[in-house]
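Those protein sequences? They're chains U and Y, same order as listed.
First residue of the first sequence? That's 1 in my numbering, and the numbers climb one at a time after it.
First residue of the second sequence? That's 1 in my numbering, and the numbers climb one at a time after it.
Treat each hint with caution, since some may be false.
Straight-line distance between alpha carbons at most 20 Å, and here's what the computed DMTMM-like set of lysine to aspartate or glutamate pairs gives [stated by the list, open to error]: (1) U/36 x Y/121; (2) U/36 x Y/3; (3) U/38 x Y/121; (4) U/38 x U/20.
Residues from chain Y shown here face chain U by an in silico Cβ test under 8 Å; the list is partial [claimed, not checked]: (5) 4; (6) 41; (7) 66.
Quick look at which bits of chain U chain Y covers, simulated, 3 or more residues with Cβ under 8 Å [claimed, not checked]: (8) 373-380; (9) 385-392.
The hints are simulated quantities; they were obtained by calculation from the structure and are not laboratory data.
Built from N, CA and C at the ideal position, the CB exists for glycine as well.
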Amino acid sequence: MSSSQTEVATRKEAPKRPFDVERVRADFPALHQNIKGKPLVYLDNAASAQKPRQVLDAMMRLYSHDYANIHRGVHELSQRATKAYENARLKALRFVNAASDREIIFVRGTTEGINLVAQTYGRVNVGEGDEVLITHMEHHSNIVPWQMLCGEKRAHLKVVPIDDRGDMDMDAFKRLLGPRTKIVSLAHVSNALGTINPVRTVVELAHERGVPVLIDGAQAAPHLGIDVAALGCDFYTISGHKMFGPSGVGVLYGKEAILEKMPPYQGGGDMIASVTFEKTTYNRLPFRFEAGTPNIAGVVGLGAAMDYLTEIGLDAISAYEEELLDYGTERLRSVPGLRLIGEARHKASVLSFVLDGVHPHDIGTILDQEGIAVRTGHHCAQPVMDRFGVPATARASLALYNTREEIDRLVSGLHTVREVFGLN
Amino acid sequence: MNDSLRELYQEVILDHSKSPRNFRVPEGASRQAKGYNPLCGDRITLFVDVEGGIVRNIGFQGAGCAISTASASMMTEAMKGKTEAEVEKLFNAFHALVTGKSGLVGEESLGKLAVFAGVRDYPVRVKCATLAWHTLKAALAQQEEAVSTE
């Protein structure tokens, strides 16, 4: 990624409305507090992001005025809650650019989205000797559900390797995409490395072979505009909590023609049309995949988060974050003994690193004393750690509300780490 | 740098983390156990040679943060020549120290190990400080399954 003056200047002019980070920060109450006597610098966004008051207000409004169970109530409150819930579905439809509200299934998060596909589409379509293709940079949530399926079906989990920069090996991908491949499942953006995968090309190549593609969009949704129509993917799944919405809620998008043929996931209320002890008829899409009373307030909060991001504009957010990432990359490289893990050509705002002579966990503790929140550990991506030969990394992950001053605080904190360890 | 950090990362601790003592597989080790801290990926394998109820030799291998490495290193130094009953006593005293309950036991019995008192201000680091100790207990009990702090 270039950080030349002219390119940065051009990017700055690109958004129609100027991106005002101070105005954005004012929307997030949690950012305005001191930790250990110092203003909080929150750089753990890839684990979970903070919430704007627009999301908090929407949930508070629902619980304070419009709350009841949805879909079957004849009374006023149930109708209001149903309207709020189904409105959020329309917001999600527009957010990912789906063709119909029948393609939007509310789930607990990306993890459940992937498990749902593995346990329904997967159990029907993957058999003995078949293959499921993932990449080496997947989060455990995009490894384990497929391992479980492959174990049950005596199928094989195939893994596309990544190079030293953290880019997936596209030649290997083409080779591994074989006659027995039944589904490809990969991250849009890697949580541990920040790599933005060439998902559009992946979908094209897979579709040439008639293989469907699931995209784990957990790390993409807060940073990039999502357009499932343009990507052509068969499934796309996101988590609310990483995109400034509540935890415990997310979306699984699936192409209607595929969802129609899938067996139900969980059985229960709301997913049925009629039940007798002899026979149950399942509800239509998308309700067939939403058994039980859902996370109503969570869905409403997620809808508000989507509105929030759309109003600011994901193009403006991406441009701002790219500039911030370039700045952070350059500043971190100035710290002696620091090695960035993940330097893909196209990256989202994740800065994973190790520091010579200091374990990431000690970095995390010392930065916390400076009021700086980073993640340390394997980031639920142990195979990535093994690939780069490190037990863990420290990870600063940026969001739309972070600033250059906060990156300066991080760098200064890292100098303190070196001081504590007598490395200066 | 604040006092709390200086208290946690004392010179002795940094020294042991950079040059851990008994960082080897000792000869004649009759018992061993593995410990794992999934939170930060610390892994340790502990080797002990126990004869007549006394720790004759002890060593460890693995990779971890400064606190867990220094704790393992200083623990192995403290354990040589101890009876199993004394090991148990030290374990309890150390655990009380790092969890801030040392008033109950008394720090004096811990000698050099008292430098870990700073850990009490960092509850999430207690697991780092105690990983080697739990692993030693497992080795003495000849427990085969790896110790996990989670």
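Status of each hint after checking the structure:
1. U/36 x Y/121: Status holds; Cα separation ~12 Å.
2. U/36 x Y/3: 12 Å, holds
3. U/38 x Y/121: 18 Å, holds
4. U/38 x U/20: 23 Å, violated
5. 4: This interface hint holds because 7 Å falls under the 8 Å limit.
6. 41: Interface hint status for residue 41 of chain Y: holds (4 Å vs cutoff 8 Å).
7. 66: 5 Å, holds
8. 373-380: With 3 residues close enough to chain Y, the hint holds.
9. 385-392: Satisfied; 3 residues make the cut.
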